[in-house]
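Number of protein chains: 2
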Amino acid sequence: MYRTHTCGELRIEDVGQEVTLSGWVQRIRDLGGMSFIDLRDRYGITQIVANEGTSEKVVTTLSKIGREFVIQVNGVVKERSSKNKNIPTGEIEIEIKGLTILSKASLPPFTIKDDTDGGDELRMKYRYLDLRRKVVQENLILRAKMAHTTRSYLNSQEFIETETPVLINSTPEGARDFIVPSRINPGKFYALPQSPQVFKQLLMIAGFDRYYQIVKCFRDEDLRADRQPEFTQIDCEMSFVEQEDILDTFEGLTKHLFKEIKGIEVTEFPRIPYSEAIEKYGSDKPDTRFDMLIHELTGIAKGNGFVVFDSADYIGGICAQGCAGYSRKQLDQLANWVKRPQIGAKGLIYVKYNTDGSFKSSVDKFYSQDDLKKWAEKFNARPGDLLLVMSGNDSHTLKALGELRLKMGGQLNLRNNNEFKPLWVIDFPLLEWDKESGRYHAMHHPFTSPKPEDIPLLDSAPEKVRANAYDLVINGVEIGGGSVRIFDSALQAKMFGKLGFTTEQAQAQFGFLMNAFKYGAPPHAGIAFGFDRLVSLFAGLDSIRDVIAFPKNNAGRDVMIDSPSEVTKEQLDELGLRIIQKED
Amino acid sequence: MYRTHTCGELRIEDVGQEVTLSGWVQRIRDLGGMSFIDLRDRYGITQIVANEGTSEKVVTTLSKIGREFVIQVNGVVKERSSKNKNIPTGEIEIEIKGLTILSKASLPPFTIKDDTDGGDELRMKYRYLDLRRKVVQENLILRAKMAHTTRSYLNSQEFIETETPVLINSTPEGARDFIVPSRINPGKFYALPQSPQVFKQLLMIAGFDRYYQIVKCFRDEDLRADRQPEFTQIDCEMSFVEQEDILDTFEGLTKHLFKEIKGIEVTEFPRIPYSEAIEKYGSDKPDTRFDMLIHELTGIAKGNGFVVFDSADYIGGICAQGCAGYSRKQLDQLANWVKRPQIGAKGLIYVKYNTDGSFKSSVDKFYSQDDLKKWAEKFNARPGDLLLVMSGNDSHTLKALGELRLKMGGQLNLRNNNEFKPLWVIDFPLLEWDKESGRYHAMHHPFTSPKPEDIPLLDSAPEKVRANAYDLVINGVEIGGGSVRIFDSALQAKMFGKLGFTTEQAQAQFGFLMNAFKYGAPPHAGIAFGFDRLVSLFAGLDSIRDVIAFPKNNAGRDVMIDSPSEVTKEQLDELGLRIIQKED
Chain P
1 MYRTHTCGEL RIEDVGQEVT LSGWVQRIRD LGGMSFIDLR DRYGITQIVA
51 NEGTSEKVVT TLSKIGREFV IQVNGVVKER SSKNKNIPTG EIEIEIKGLT
101 ILSKASLPPF TIKDDTDGGD ELRMKYRYLD LRRKVVQENL ILRAKMAHTT
151 RSYLNSQEFI ETETPVLINS TPEGARDFIV PSRINPGKFY ALPQSPQVFK
201 QLLMIAGFDR YYQIVKCFRD EDLRADRQPE FTQIDCEMSF VEQEDILDTF
251 EGLTKHLFKE IKGIEVTEFP RIPYSEAIEK YGSDKPDTRF DMLIHELTGI
301 AKGNGFVVFD SADYIGGICA QGCAGYSRKQ LDQLANWVKR PQIGAKGLIY
351 VKYNTDGSFK SSVDKFYSQD DLKKWAEKFN ARPGDLLLVM SGNDSHTLKA
401 LGELRLKMGG QLNLRNNNEF KPLWVIDFPL LEWDKESGRY HAMHHPFTSP
451 KPEDIPLLDS APEKVRANAY DLVINGVEIG GGSVRIFDSA LQAKMFGKLG
501 FTTEQAQAQF GFLMNAFKYG APPHAGIAFG FDRLVSLFAG LDSIRDVIAF
551 PKNNAGRDVM IDSPSEVTKE QLDELGLRII QKED
Chain G
1 MYRTHTCGEL RIEDVGQEVT LSGWVQRIRD LGGMSFIDLR DRYGITQIVA
51 NEGTSEKVVT TLSKIGREFV IQVNGVVKER SSKNKNIPTG EIEIEIKGLT
101 ILSKASLPPF TIKDDTDGGD ELRMKYRYLD LRRKVVQENL ILRAKMAHTT
151 RSYLNSQEFI ETETPVLINS TPEGARDFIV PSRINPGKFY ALPQSPQVFK
201 QLLMIAGFDR YYQIVKCFRD EDLRADRQPE FTQIDCEMSF VEQEDILDTF
251 EGLTKHLFKE IKGIEVTEFP RIPYSEAIEK YGSDKPDTRF DMLIHELTGI
301 AKGNGFVVFD SADYIGGICA QGCAGYSRKQ LDQLANWVKR PQIGAKGLIY
351 VKYNTDGSFK SSVDKFYSQD DLKKWAEKFN ARPGDLLLVM SGNDSHTLKA
401 LGELRLKMGG QLNLRNNNEF KPLWVIDFPL LEWDKESGRY HAMHHPFTSP
451 KPEDIPLLDS APEKVRANAY DLVINGVEIG GGSVRIFDSA LQAKMFGKLG
501 FTTEQAQAQF GFLMNAFKYG APPHAGIAFG FDRLVSLFAG LDSIRDVIAF
551 PKNNAGRDVM IDSPSEVTKE QLDELGLRII QKED
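As they're listed, the protein sequences go chains P and G. FYI, this note's numbering numbers position 498 of the first sequence as 498, with every residue one higher than the one before it. FYI, this note's numbering numbers position 173 of the second sequence as 173, with every residue one higher than the one before it.
Treat the hints loosely; a few may be bogus.
[What the hints assert, rightly or not] Covered by chain G, according to a simulated footprint, are these stretches of chain P (three or more residues, beta-carbon under 8 Å): (1) 198-206; (2) 253-267; (3) 319-328; (4) 494-505; (5) 542-555.
Rather than coming from a laboratory, the hints here were simulated on the basis of the structure. Since the model is a prediction, treat every value here as computed from it, not as a measurement. Glycine residues also receive a C-beta, built at the ideal position from the N, C-alpha and C atoms.
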């Protein structure tokens with residue numbers, strides 16, 4: 001061992017001990033007769049001091065070291081004359097007696113500090129240096145702690161962690177698979193799992209009763225800011241349960257994590273049907289840290305000659321408390337914001353509920369003070385508030401209002417990163433119509449059970465069938481989702497039919513699962529948590545990249561190791577593959 | 001919830017309670033007026049009884065159920081008249097009041113019992129049914145328990161579990177990689193990791209200090225009985241440590257696992273240099289549950305006119321205690337066994353040390369009783385023992401003797417599956433000459449540090465350089481292996497040179513690692529345990545397949561899901577790939 005103690009370990013009680021520490025040079029200060037080194041490792045920083053009593057040899061070596069050198073220091077623990085209350089080792093320092101340079105260091109391309117000067121691209125290229133920064137290390141330590149706390153909790157609930165295969169087969173349903181050519185089965189391919197869905201269901205059929213796994217999953221998607229081609233799930237499945245049992249169990253896990261990791265008691269997990277979430281929040285993942293609910297005005301705002309409203313399917317808005325004083329410029333900015341292509345609204349109507357009780361709106365031409373008062377009543381608005389109203393196609397308008405609500409919530413500092421508001425969104429639609437392919441898609445996945453009372457609608461009005469599916473949402477982020485599964489091969493076959501599979505296709509792709517149902521399948525249900533998102537939520541971060549040790553960039557590249565990269569002709573020959581011009 | 005209790009939960013104290021159980025029908029016995037059902041789930045078996053008081057409705061439903069049906073039973077806990085001491089629920093039974101069939105079951109293709117009638121291929125195709133068997137389930141529960149115990153132990157030692165990427169890049173050194181075409185980077189490929197080696201070293205450079213991960217790794221090899229294309233490692237790395245620290249830490253883990261999982265105190269972890277292991281056991285993974293050491297006779301057996309010996313580089317043998325009475329037939333069988341191509345020996349000489357003190361050998365023509373007595377003394381043989389001697393090229397002969405030793409150990413019942421003898425094999429050679437490529441290969445991997453005192457030999461006699469590398473061996477199985485790493489970019493560059501890399505190749509493949517060394521790398525070392533093998537050792541099994549939920553067969557196929565399989569032309573087009581005739 002190159003040390004007797006870590007750099008975060010020594011305290012005032014250790015004064016007088018002779019110790020050996022190893023670590024990185026964080027900082028050197030030369031004050032003439034005395035030099036100070038801040039020596040850093042994962043555990044902390046300890047001050048090393050050289051003074052007039054330090055040997056010539058050590059002084060000579062000292063003169064050669066610089067930032068990020070790895071050194072080994074031998075010396076005696078002394079009480080500091082000027083103590084540093086900000087760090088746990090701040091009462092002591094090590095009077096240096098021996099010094100060895102273990103590794104030299106070139107000047108790092110950016111400073112190894114919490115507030116580094118390194119840009120994103122540079123920090124990714126030198127990720128091993130970026131990972132030296134305390135803020136980044138803490139995120140990964142948090143991640144490890146959350147994984148272990150999750151495992152301990154689920155183990156205590158009789159769940160068995162079971163590894164499922166990574167080399168499986170490709171299924172065209174859903175997102176694109178990454179595929180892996182098989183050398184010993186020429187012309188054939190494995191695929192990397194988008195989730196262990198089928199395997200966990202088979203484990204239920206096998207009688208495992210309660211399964212979980214913290215597991216890597218893969219999706220070959222065009223990447224966005226918070227997506228990675230490989231991501232980690234807390235994947236779970238239970239037998240002989242109903243929806244309520246799953247919600248209870250995973251409320252339990254979530255509460256336990258908040259308690260153990262953040263010391264927060266989270267008690268309420270309200271349940272909101274999908275339709276209500278859309279209606280009130282314009283989103284199936286509502287941020288409930290603040291109210292500012294969407295209210296519909298379709299009934300009362302039509303018929304006053306304002307063509308935009310009169311021709312709209314839907315009129316609705318939100319009430320921004322205390323914003324009646326917004327300037328022309330502020331209102332224009334909001335209007336421009338909703339007109340951006342990402343939101344795609346046609347315009348934004350405002351109604352100021354002035355503190356004197358009067359109203360001033362952008363539609364005063366069409367609506368009297370009395371009309372606007374009625375609107376204000378709908379919103380429970382008070383003098384000083386600002387109503388923001390949009391109209392158009394109902395689903396688009398609700399979505400745009402949902403986005404505006406989030407923007408206003410942020411602008412008014414109603415979205416506090418240290419407050420956590422979980423909820424369950426339930427009663428999702430089973431199917432959604434896909435215009436492009438001209439068929440229904442499973443909103444969750446094809447194994448999701450319809451609500452028994454809605455099964456008759458499968459033939460008459462498929463879009464009205466509700467699923468026994470649920471999402472856990474915290475602070476507007478979808479943390480987990482799952483469903484009660486179909487466990488009857490006839491119903492499963494019918495489902496595949498609704499999704500446009502021929503009997504042969506269903507048989508070819510999922511035959512083994514439908515076959516398995518024939519040998520006694522228990523009722524079962526499950527859920528998967530997006531572990532990267534859960535950790536980033538706990539860390540108070542916006543991006544999942546900061547909680548992944550070696551993330552890929554938006555082009556799916558690891559710029560540090562330069563991956564993906566070319567392979568040799570021999571490798572391709574062995575696999576029986578040739579690269580061709582890509583067809584556009 | 002479909003149950004109030006599991007099938008392993010109810011005891012005599014629960015008599016009188018009304019309960020609901022769900023599970024699989026293990027067995028039905030109809031004794032005229034009474035019927036008994038053994039109801040099974042993961043937790044146990046509970047007896048359900050129907051008698052003359054059972055309702056007509058229940059009796060009708062009862063008549064329809066068969067083996068492996070999933071049913072829900074409602075009833076009252078009663079004390080059994082004839083108790084079953086073999087199962088924890090054996091004192092009670094449930095007098096049935098209500099019965100619901102949750103799922104019907106076709107007759108399974110093999111019986112769901114510990115001693116099933118299903119062949120290997122059939123059980124793999126219906127793995128979800130095979131996994132219902134208690135013996136198989138117990139292996140996977142053991143695996144889960146071992147994983148969690150490992151994690152808890154390493155966490156308690158300040159290790160941080162950190163996920164490393166699965167989509168990395170291909171490196172030609174070592175075994176073949178599985179590669180993954182990248183759609184958004186046409187013509188480029190990811191590769192699946194054979195181990196997280198480089199990433200864990202980067203984590204040390206990043207200051208993580210202690211890393212571990214229970215992680216899937218991948219190797220595209222031609223498969224043998226106990227190999228899988230995807231396998232699981234307990235992968236670890238530590239900073240500021242020397243070899244001794246690693247051995248201590250992982251002895252600690254191993255002892256902890258034996259204690260916690262099997263209730264066994266394993267105390268001794270002898271350390272044997274590689275050269276001694278080869279000399280005494282003919283293997284770098286000696287089974288030390290029994291002695292029967294190899295002894296060299298080269299010095300004393302040459303020069304008696306026996307051409308086979310006189311022309312041999314090496315003569316040596318083992319002493320099989322108490323086997324002097326072996327018949328001609330038994331000795332012939334042994335001779336034929338060592339001549340099989342897998343062993344490849346030319347022949348086998350025997351010397352019987354008769355109980356009357358005389359010797360009888362297959363080389364009596366060349367050696368006197370006195371000569372043979374000298375041999376016997378070398379082996380510390382006693383009257384009644386049998387010496388088995390081989391000769392030839394030294395490494396081949398030692399290997400063949402090692403195999404013969406294991407065979408004799410098995411034959412003499414010296415290899416007890418409930419006894420565990422761990423040891424460390426240390427001081428491995430750094431390099432081994434590869435005839436085919438005409439260059440040195442790294443015996444462990446290219447990042448392994450030579451012993452400092454052997455560095456001068458790197459230029460003069462590379463094959464003599466010993467590495468700071470070590471293997472943990474238990475009962476003749478290599479459970480783990482690792483090394484102290486090079487942490488100096490100049491030495492690493494020299495190593496790549498010795499391995500035949502040009503500077504450009506080394507730079508292209510490992511440039512980022514050598515570059516990382518320039519920014520202050522700590523001394524570091526690590527180890528990886530083969531988790532599948534460790535679990536199968538603990539389970540007393542010979543194959544790792546039995547401790548994997550969904551293993552692949554010897555052709556790398558999952559016969560249950562029929563993977564690998566063909567993909568669509570669209571998928572290949574998107575990836576810019578075409579399947580060509582494989583070049584042989």
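Earlier hints that do not hold, by number:
Checked against the structure, the hints that fail are numbers 2, 3, 4, while the rest are satisfied.
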